[in-house]
Each structure stands twice: as structure tokens, then as C-alpha cells.
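Trainee: One-letter residues, chain by chain:
2 protein chains.
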Amino acid sequence: MITLHHLNNSRSQRILWLLEELGLEYGIKQYQRDPVTSSAPESLKAIHPLGKSPVITDGDLTIAESGAIIEYLLDSYDTEKRLRSTKGQALLDYRYWLHFAEGSLMPLLVMKLVMMKMPKNPMPFFVKTIAKALSNKVQEMFISPRLTPQIELVENTLANRTWLTGEELSAADIQMSFPLQASATRMDLSAFPNIARYLKQIDALPAYQKAVERGGKLDTL
Amino acid sequence: MITLHHLNNSRSQRILWLLEELGLEYGIKQYQRDPVTSSAPESLKAIHPLGKSPVITDGDLTIAESGAIIEYLLDSYDTEKRLRSTKGQALLDYRYWLHFAEGSLMPLLVMKLVMMKMPKNPMPFFVKTIAKALSNKVQEMFISPRLTPQIELVENTLANRTWLTGEELSAADIQMSFPLQASATRMDLSAFPNIARYLKQIDALPAYQKAVERGGKLDTL
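Line order of the protein sequences matches chains A and B.
Each residue of the first sequence is one higher than the one before, starting from 1 at the first, in the UniProt record's numbering.
Each residue of the second sequence is one higher than the one before, starting from 1 at the first, in the UniProt record's numbering.
The shape of chain A in the complex, shown without the other chains (with noise of 0.2 Å):
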């Protein structure tokens, strides 16, 4: 029996979605972030030594990264090999989108809110008018020019087809959701319209909704 320890507003929401879309059983143990800080419980350092979600039980096995749980669960239960193709242009890009997504997109997401966050916390105003500074260079010097270049890549590559590897939905798709509703929350989009209509293809699908009703809706990302 697998067993999703979801934590709410995560990574773990396309888990749910996978799950979901493979029709599996599951049980769902929910956590919930500090609403101060929005760190995950503790307690889900119990299940993984990282305290971080997702992570699935299965057995008596225990996979955490997203990444690794997505190629777990697809040899174990996509019988149909329906979310990941086998061989062929179709399968390096699965693997490059399943990298792409926390290997470069995910990080820089991740920085650039904690760099819109920095100066958000009470201090002096003379200081916060500083880190509003450092905020903006920061941005402007390092995260900008890597995540500009990528979003034109998702961008284009989803101006020649419906999903990431072709007309097909994969779990590549699955695992770049996040990152992309991510980026939609911190950065000016209009200008991607091939990424707005993906992210509607994503809220339209059936398994999809199923997770959102049973993991909540993302927000605040």
C-alpha cells in the first residue's frame, strides 16, 4: 500500500496529481507548514531524515525526491508505459524536463523568493530601503539572466506541441507543473502565452482536479 506524506502548498501536490493519474490506491498522510514561518512540521522528519515532502512509503520501502519517487512509481505501476516513452527523442526529453525542472528552473525560483522575501522583514527603514537594493541586484545580476533564458525554452518548446514531449501528456509534465505554477505567482508571464495555456491544459484534466480536491489548492507558492 503506498502511503503520500503531503505537505500542503508543495512539490508533493504533483505526487498527488501522478497518483492520481496512474489510478492508484493510496492512503495521504497530510503535514502542514508553520503558518509563520512555513517550514514543514517536524514530524515528518520521522518518515525521511530530511523532513521535506514528498516522500512516499510503499511497503516497507521509502522514496523521497521528486524526481526519483515519478521514475519509481512509473517502473512499478505504468503498466501501459502511458507517462513515459521508452526510447527515441521522446525519452531523453522526459529525462531532460524531469532534470530541468529541479536541476536549474526550481533552484532559481526558490532563490528569487527568498531574495523578494529579504526585505520584507521589520528592520529600520534605512536598512530596508538597502535591502531592497541588494534584492534588485541580486536579481537583476544572477537570477534573472538564467531564469529569462528558460522560460523562453519552456515557451518555445510548447509553441511546436501540446505537452513537453509531444501530444501527450508525460510525468515530465507532471514534474514541470510545479516550477511553472511557481513562476506564475513571482514573475510577469503575459509575455508567455504558449505557458498560460499550458497551465490551463493542467487545471482542466480530471486527475489533476482530483489532486487539488484531496491536497488542497496551491497558493503562495
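Honestly, I wouldn't trust all of these hints.
Same chains, same label: a pair holds when it works inside one copy or across any pair of copies.
[To be verified] List of simulated lysine-lysine pairs, DSS-like, C-alpha gap at most 27 Å:
#1 117 <-> 137
#2 120 <-> 217
#3 120 <-> 132
#4 132 <-> 45
#5 45 <-> 137
#6 45 <-> 117
It is worth saying that the hints were derived from the structure and are not from the lab.
Following the hints, position chain B against chain A.
Mentor: What follows is chain B alone, placed relative to chain A:
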């Protein structure tokens, strides 16, 4: 014919190591970071739109993202399945560390480096004082509480085994080498003797030494 587009002092070092470990014939095209900004040169964008390294070409194929390159090279050329288990806990462990390296550990190390550099730009003394305080605050509140348990997890894993997935080297060790080498330059690892031993093990491997010979020694990570 495989060509590795290799940037000095980068994640690409481990792909070079993997190519040597697999005993493959390959070409190497060298790219140099800008000595002032440390950025990759524009010429890398001709190979892949993000202009990042590593990226390989193999015949008509262009493959980016370290984890995806590793999976591709193992699928195509690790015919004896020496560097990736095909089943059981060793496969799960391989996948965990493959994704953990860039999905969890490396983003924190990049953010730490950006924060360490933030107060080092030319600025008036009182601004520098505030920049240092803000950098320390981000490290103390966000980075360290996440980074320390991750380093501890690696240390504890290596207390029980020679390599991260067991007694034999796997490609997950190659993927993990760069963030651990980067950790050693950005934090005090004296309390983590197993990681120190592990990094020495890597340095002693003939294939790793050949990679250093061809790609240059890593420094100022």
C-alpha cells in the same frame, strides 16, 4: 562520435569523469569562464539555448542537464551495467542521489555562494555592514537549517558503505561528486570525516585523474 562541451571549473567535470570511467572515445571542446563575472561564454548558446555546461552531442543528438546526460550515457554505453544497478534498493539509492545532487544539495550551495559574494562588491562601508548582516541572516534562517541535515545525511550514509549506493562506485557518486567538492570549499567539513574520506577516494581514481588532466583541476567552486 561524442563531443563534450566542457566549461572549466563546472559541473561538466563529472561528465568528463564518466566518459573516462566508461572508457569511451570522445572529443572535448573547451570553453572558458569570463575571468571577471565567472559567466559561461556566449558561444555555448550555439550548442544549447541555455548556454550552460555540461552539454554533449552524440551524432545528431544534443543532450543537456547532468542527470539526463548520465542516464543517456549509461543506457547507451554502460553495456555491463557497472555504474547503475538495474533493480532493488541499489537502483532506488542510485536514483535518490542522482536527483538529490541537483534537486536538493546544489541549489543551497549556489545560494550560499551568491550570499557569500553579495557583500563583496564595491560599496560604502555602512552598506557593506548591512549587506553582511543580511547575507548572514539568509544563511542562518534559510540555508543552514536545510544544508546541515543534507550534509549529515551524506555523512551518515557513507559511515556504512564505501560509495553512496554500496561497495562499488556508481554514476550517482559521479553526480554527487561536484556538490560535495563544492561543499568542501564553502563550509567547514571537519566534523564530517566520511565525506573527507570519500572525496579522497574520488581523487585517487585513475579515471577521475584523467578527467582532471583533460578538464583542469576544480577550484574556487
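Trainee: Should residue 132 paired with residue 45 be assigned to within, between, both, or neither, using CA atoms and 27 Å as the limit?
Mentor: Neither: 35 Å inside a chain and 32 Å across chains, both beyond 27 Å.
Trainee: At most 27 Å between CA atoms: does that hold for residue 120 and residue 217 within a copy, between copies, both, or neither?
Mentor: within (25 Å within a copy, 41 Å between copies)
Trainee: Treating 27 Å as the Cα threshold, decide for residue 120 and residue 132: within, between, both or neither.
Mentor: both (9 Å within a copy, 17 Å between copies)
Trainee: Which holds for residue 117 with residue 137 at a C-alpha limit of 27 Å: within a copy, between copies, both or neither?
Mentor: Both, since 14 Å and 12 Å are each at most 27 Å.
Trainee: As a check of your reading, is residue 45 near residue 117 (CA-CA no more than 27 Å) within one copy, between copies, both or neither?
Mentor: Answer is within; shortest intra-copy Cα gap is 26 Å, inter-copy 32 Å.
Trainee: Regarding residue 45 and residue 137, is the shortest C-alpha distance of 27 Å or less found within a copy, between copies, in both, or in neither?
Mentor: Classified as between; 24 Å across copies, 36 Å inside a copy.
The structure does not agree with numbered hint 4 stated previously, though it agrees with all others.
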